[in-house]
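Protein chains in written order, with my numbering: chain Y, 1 to 114; chain X, 115 to 229.
Source of the hints: derived by calculation from the structure; they are not laboratory data.
Treat each hint with caution, since some may be false.
[Unchecked claim] Partner residues are not named here, just some residues of chain Y that face chain X (Cβ under 10 Å, in silico): (1) Arg10; (2) Phe33; (3) Thr44; (4) Leu92.
[What the hints assert, rightly or not] DSSO-like, lysine-lysine: derived pairs with alpha carbons at most 27 Å apart: (5) X:Lys216 x Y:Lys65; (6) X:Lys216 x X:Lys171; (7) X:Lys221 x Y:Lys7; (8) Y:Lys7 x Y:Lys65; (9) X:Lys221 x X:Lys171; (10) X:Lys184 x X:Lys170; (11) X:Lys221 x X:Lys173; (12) X:Lys221 x X:Lys184; (13) X:Lys184 x X:Lys171; (14) X:Lys216 x Y:Lys7; (15) X:Lys171 x Y:Lys65; (16) X:Lys216 x X:Lys184.
Heads up, the beta-carbon is just placed ideally off N, CA and C, and yes, glycines get one too.
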Amino acid sequence: SAVISQKPSRDICQRGTSLTIQCQVDSQVTMMFWYRQQPGQSLTLIATANQGSEATYESGFVIDKFPISRPNLTFSTLTVSNMSPEDSSIYLCSVGVSTNSPLHFGNGTRLTVT
Amino acid sequence: TQLLEQSPQFLSIQEGENLTVYCNSSSVFSSLQWYRQEPGEGPVLLVTVVTGGEVKKLKRLTFQFGDARKDSSLHITAAQPGDTGLYLCAGPAINSGGSNYKLTFGKGTLLTVNP
Numbered sequence: 001s002a003v004i005s006q007k008p009s010r011d012i013c014q015r016g017t018s019l020t021i022q023c024q025v026d027s028q029v030t031m032m033f034w035y036r037q038q039p040g041q042s043l044t045l046i047a048t049a050n051q052g053s054e055a056t057y058e059s060g061f062v063i064d065k066f067p068i069s070r071p072n073l074t075f076s077t078l079t080v081s082n083m084s085p086e087d088s089s090i091y092l093c094s095v096g097v098s099t100n101s102p103l104h105f106g107n108g109t110r111l112t113v114t
Numbered sequence: 115t116q117l118l119e120q121s122p123q124f125l126s127i128q129e130g131e132n133l134t135v136y137c138n139s140s141s142v143f144s145s146l147q148w149y150r151q152e153p154g155e156g157p158v159l160l161v162t163v164v165t166g167g168e169v170k171k172l173k174r175l176t177f178q179f180g181d182a183r184k185d186s187s188l189h190i191t192a193a194q195p196g197d198t199g200l201y202l203c204a205g206p207a208i209n210s211g212g213s214n215y216k217l218t219f220g221k222g223t224l225l226t227v228n229p
């Protein structure tokens, strides 16, 4: 299994600002993903973080709004840009250690935009 | 689109009772996963079912995958307060190529077990 540290655990931000969320894994992992969990909604995949290249975004999510970096096999960041109250959500980093291994999730970042 | 409908959405029971939660879809899934998520934490995988009709047991938890691989259920026997949490089912997303990494999730069943 992998130990995932996600920072910050929570934040309250003003409309129009940006927040960068960090995900650090204690070992090298094949796959890293970012999910969003909105109140009363299911988890939704935002993008796959690709090491050394641009992230692969799911329908409805764009790089300008959610820029993602993954400089190596243990670290990734997700930025929520130009925030609005609709971005209030829990953002979760998840990793796959190797092909067909279970998906592990971080504890999430609870974001409130005022 | 692939939708996973979970029911009930909320469930509050007394310690020692039995319960079943359901996960249904109109689509066929190559596999389904069940997660439990506690407040302030990320989801933790409980089980993966891959064969139609499969039954898996994890202590007091029994998971079943429907014969047609469109639905699954989770039965908890003699529920304990420690079973409290959000139970999520998930399956490979339509554009995942069957991968267990790109997942589509249900909205979950929030279970509260009162002492």
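Structure-based check of all given hints:
Below 10 Å, beta-carbon pairs count as interface contacts, and Y:Arg10 has one with chain X at about 9 Å; its hint therefore holds. Checking Y:Phe33 against chain X by beta carbon gives a least distance of about 7 Å; that is within 10 Å, so the hint holds. Hint status for Y:Thr44: holds, given a least beta-carbon distance of 8 Å to chain X, under 10 Å. Because the smallest distance between the Cβ of Y:Leu92 and any Cβ of chain X comes to about 5 Å, under 10 Å, the interface hint for this residue holds.
As the CA atoms of X:Lys216 and Y:Lys65 are separated by approximately 21 Å, the hinted pair is consistent with the 27 Å bound. Only pairs whose Cα atoms come within 27 Å are accepted, and X:Lys216 paired with X:Lys171 is accepted, the gap being roughly 25 Å. Between X:Lys221 and Y:Lys7 the CA atoms are separated by roughly 25 Å; this keeps the pair inside 27 Å, and the hint holds. The straight-line distance between the Cα atoms of Y:Lys7 and Y:Lys65 is roughly 19 Å, inside the 27 Å bound, and the hint therefore holds.
The suggested pairing of X:Lys221 with X:Lys171 holds, with an alpha-carbon distance near 23 Å, which does not exceed 27 Å. Annotation: proposed proximity of X:Lys184 to X:Lys170 holds, straight-line Cα distance about 17 Å (limit 27 Å). Distance hint between X:Lys221 and X:Lys173 is fulfilled; the C-alpha atoms sit about 25 Å from each other, no more than 27 Å. At most 27 Å may separate the alpha-carbon atoms for a hinted pair to count; X:Lys221 and X:Lys184 meet this at roughly 16 Å.
As the CA atoms of X:Lys184 and X:Lys171 are separated by approximately 19 Å, the hinted pair is consistent with the 27 Å bound. Taking the CA atoms of X:Lys216 and Y:Lys7, the gap is near 23 Å; set against the 27 Å cutoff, the hint holds. At roughly 43 Å between alpha-carbon atoms, X:Lys171 and Y:Lys65 are farther apart than 27 Å, so this suggested pair is violated. Note on X:Lys216 and X:Lys184: the hinted pairing holds, with a Cα-Cα distance of about 18 Å set against a maximum of 27 Å.
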